[in-house]
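Please put together the full structure from these sequences, using the hints given.
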Amino acid sequence: MSATGIGAPVRRKEDHRFITGQGRYTDDINRPGQAHAYFLRSPHAHATIKAIDITAASGMPGVLGIFTGDDLAADKVGGLICGWMIHNKDGSPMRAGPHPALALGKVRYVGDHVAVVVAETLAQARDAAETIEVDYGVLPAVVDTASAAGAKTVVHAEAPDNTVFNWHLGNKDETEAAFRAAKHVTRIDLVNNRLVPNPMEPRAAVGDYDDGDGVFTLYTTSQNPHVARLVLSAFIGIAPENKLRVVAPDVGGGFGSKIFIYAEETVCVWAAKKVGRPVKWNSDRTEAFLSDAHGRDHVSHAELATDAEGKITGLRVKTTANLGAYLSTFSSSVPTYLYAPLLSGQYDIPAIYCEVDAVYTNTAPVDAYRGAGRPEATFVVERLVEVAARELGKDPAKFRMQNYVKKFPHQTPVIMMYDAGNYAASMKKALEIIDYKGIGKRKRDSARNGKLRGIGFSSYIEACGIAPSAAVGSLGAGVGLWESAEVRVNPIGTVEVLTGSHSHGQGHETTFAQLVSDRLGIPIDNVSIIHGDTDKVQMGMGTYGSRSGAVGMSAIVRAVDKVIAKGKKVAAYVLEADEADIDFADGHFAVKGTDRKLDFGSCALQAYIAHKFNGQDLEPGLKEGAFYDPTNFTFPAGVHICEVEIDPQTGVTKIERWAAVDDFGNVINPMIVEGQVHGGIAQGVGQALLEGARYNADGQLLTASFMDYCMPRADDLPSFEVGMTVTPCPSNPLGIKGCGEAGAIAAPPAVINAITDALGHEDIAMPATPQAVWRAAQKSVTRMAAE
Amino acid sequence: MYAFTYHRPASARQAAGLLAKKEEAKILAGGHTLLPTMKQRLAAPSALIDLGACADLKGIARKGRTVVIGAMSTHAEVAASADVQEAIPALAYLASHIGDPHVRHRGTIGGSVANNDPAADYPAACLALGATIVTNQRKITADDFFTGLYETALEEGEIITKVVFPLVSKAGYAKFRNPASRYALVGVFVAKRGSDIRVAVTGAGEGGVFRWPEAEEALKARFAPKSLEGLKHSADGINGDIHADAEYRAHLIGVMTRQAVAQATGK
Amino acid sequence: MATLSMTVNGKPVTATLDPRTLLVQFLRENLRLTGTHVGCDTSQCGACVVHVDGKAVKACTTLAVSLEGASVTTIEGLAVNGTLHPMQEAFREHHGLQCGFCTPGMIMSAVDIVNRRGHALDEKTIREDLDGNICRCTGYHNIVKAVAAGAEAMAGHGMETKEPPRQAAE
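Just so you know, the protein sequences line up as chains G, S and Y, in that order. Under the working numbering, the first residue of the first sequence carries the number 10, and numbering increases by one thereafter. Under the working numbering, the first residue of the second sequence carries the number 23, and numbering increases by one thereafter. Under the working numbering, the first residue of the third sequence carries the number -14, and numbering increases by one thereafter.
Treat the hints as calculated values from the structure; they're not laboratory data. Note that the Cβ used here is the ideal one computed from N, Cα and C, for glycine as well. Some clues are possibly wrong.
Now the in silico label distances, taken between C-beta atoms and shown as ranges [unchecked claim]:
#1 Pro107(G) <-> Glu173(S): 16 to 26 Å
#2 Arg40(G) <-> Val65(Y): 24 to 34 Å
#3 Lys181(G) <-> Tyr172(S): 53 to 63 Å
#4 Asp454(G) <-> Ala243(S): 32 to 42 Å
Which bits of chain S does chain G cover? Going by a derived footprint, with three or more residues having C-beta under 8 Å, they are [stated by the list, open to error]:
#5 50 to 56
#6 263 to 277
Listed below in structure tokens is the structure:
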């Protein structure tokens, strides 16, 4: 392995600009003559809009334009879309209400967009917005996930019982039979708490319109600028694709929340033409809390059937998923096809049946957030398995290993065909790292100090890559989930790689360059990665679902292979040999069995000067593209073990140790991969211990700033002990699986299993705040005293 | 923020003159409560009188059996002051745990005391230590100073110039932080000066900082954590919010009081 | 309008500005020093941390006009003559950043920690002193490593601390 090759912990190429303050984020972009947008938002969770009076506001200093939903409608600007069609149990399509970018007659959540003011300065826009008079007819709000279906208050007339869909997956009859035959049934009720993604960079947009060419440009905080362009063009109708450029420059984290096409970005680019000026909007943090798509928010009842030997024979789940007030871009896919297919976990379960009711409420839309459906599934499976082991008096690690899938490929009853894995290897390694044998002593030591110690397991599996396109199409996706790459070799052998993936912290500029440098045998500094601009990269699907490695890099491999193939043709002419006799290795094209060779840079030059071959026989130049469509999902899996100590006096849970052993298949850059694991765990710990979006009964968001929504800080977390096992993925040319979401998927059940182990009972919900744990510990203390 | 005029007097006297002249003026000390409030447009002063250049409001000094802290002393300065560390280490400890390092570089004792945020730390220290709040017009004992949520005895036009802390034989502070905001969910400052024992609680009271007479009484027998065993604060009059209900906060008052006494007694 | 004279990254700056201009707005909008970021409205995330007279402060909670005569250092002013500051190097070397948005504030805070507490920092101290900086990407694991390494490197590089290190008050 070279110092910069595949498998090396290469330091990141992109870091120089970030550590010197030269990153270029959307809010750093300022266009000449730029005006500022301020969105007037609904203070009510649910209200009709009887009238909007902008008379006074229009005359305020600096105001360039004030627009409402009627203005968008008059311009035939369409509503925001949901790109995944789900069908009900009876085969009928889901019931979705319209989603106008600016409200039309009704607002449906606090923060919903009522009007936009464009003015010379942001302060002027805000001043003017404060003088807009909106006559609201306030309606009761429906907020609670569990009771939304059938509530008197109806969010959308199109869904009169607030149910967007009732959907199911699995083998129902077999599952019922398995439960009838079960020796033991474990039953749990779970709430998967609503989270706010909170990338540190708030969303932002700069819309620009060039009247000379009739071209719109939108600079925005997007994980997938091409998808944004597609939606803005084909569905919302801003402009044809060739007249709309979308640029996603440096993006300060996304975690899913920047996949979606939102109202603000749409309105900014449209308004730029209306006012004849570039229009900038930058979300403040409270706006982010109110109107970024939230994550999770499930209420579930789950059951696990086991036989006399402790073999899992069946699993069934009934889940209600809160989708908020409108269907966000991919919201419908999250509690369905990204959720139920993962309910087999790492286990060989012959019968699984899952029902999901998705509901509308007067809350912010809910969509994909790091893990998207898979953390919810893993929480169900790993809590069930842990509780079952306890009820059966079995060691939770052994119970898991007994039930692991051991033969591959393995077809689950819920769509997925697991292609490769070695789950026991990860478990054994994790047990060693955490010193499982010593846990009894550590628990006794804690008890002597008046503390409660517990250990919790999580054997997670996820499905990444999200593909093949034909398969997701058959499940209702409105798009394909391939990825594109173009490898442009310059005449002196430097390389630009254009990718449809988008990096917003994942380090693609390094990892992708490592791959190309390794494959072409050229210095890593000779490789530049270009992404995030629809004018440069022709088409792409963006970055989410841990897909950039497995799908994005596979596309690059395909394009690189084509470059090498073309290079061989060029080299054959130059070296006067038969093309079949040319080998490519270590950056050189060589004639088999001779010392005649041509380095990659010289080959590139020969391709461009085209002196050694006839242009009719071989096209000059060296540039190749590829679209790669995966053959299967990839299945990263692993075991995380969390050890906690609880102070029953205060309820504070301290994470003492964390062992993470993940199998991501082959790894290009272990430093970056480990960083992804760390960050994922932190978000998962946040969900388990700290974070939770809370609305009151009127639909007011009580946690609308960092004062009330608890973000994980450095002193909330330990250092993590990270190990890896490697089972190469057979479904892509690199054998890689994806690592971006693993930590966030694995962590919540590990934490809660550790806390419940410490408490000695299962009665604790997420987030397990000090107050909640203190209260739960009262029961433990009482019980301990009784014993 | 709404527009305002900005003034930067060089002394407390000049500041008082400006304050008397300007309608709807507000004093700007460290700004770490006022500026966020103004950013959210929840306050709209017509003028800001920045005390940052008032040299006479700065400085920390030991004077006889007291420590005198200028109103514009930052939390970091109080925490780092050798005089405070030696005379009342618990006060230095408290200052070193307000907010975060950046906040401590700007936030001031005068601003904190004048604002009397129910979750602020300093009011507990002032009340427990029996501090005197000195203004440009008079001296006010801490007992009289903190009058309710964000309410103090300060009159219009009155500016805090310094806070005088009498030395005590023992003192300790323990805080349970709000996990999100890092303000005090419950903070308890205990102080012993001869037979005078004071226990002051911040973060928990519906009416702001308050004393806990039962704990003070219990500690009179013996100033030790053991004296507090079994003693519980009632949940009546205690705050409840999404982070902690009244019952939990009331429980934490007991825990934090024991921790504060343990710190004060070096146990 | 009000006038302001200060030093930013070693260069004198004078301006006439609306008094409500926050330091972060002045840096980003007037001086186009966009390395200092805004990540919240409530003075908690620390993306905006710069040094004022050698001390870390939140530029989102400081009026520019209140800093008459002050010396301000931003992330852009940390490297000297093109040579990265040891703390910048340490963040790169230890992968202490992912999306990079919190990074300028993190690095400025990290240098401030060293200025206050010296070069030998244990994990607990670093974690506690990063209380005013939120990162959503890294889980802090590598940031903590970077700060410890950067602190040591600052000693090795003869990066004198601006004040004598002192013990924590506790």
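How the hints compare with the structure:
Checked against the given bound of 16 to 26 Å, the beta carbons of proline 107(G) and glutamate 173(S), roughly 49 Å apart, lie outside it. In this structure the supplied range 24 to 34 Å holds for arginine 40(G) paired with valine 65(Y), their Cβ-Cβ distance being about 33 Å. Separated by about 60 Å at the C-beta atoms, lysine 181(G) and tyrosine 172(S) satisfy the suggested range of 53 to 63 Å. For the pair aspartate 454(G) and alanine 243(S), the supplied restraint of 32 to 42 Å holds, since their beta-carbon distance comes to about 34 Å.
Only residues whose C-beta sits within less than 8 Å of a C-beta in chain G count toward coverage, and the stretch 50 to 56 of chain S has 0 of them, not enough to reach three; the restraint is violated. Only residues whose C-beta sits within less than 8 Å of a C-beta in chain G count toward coverage, and the stretch 263 to 277 of chain S has 8 of them, enough to reach three; the restraint holds.
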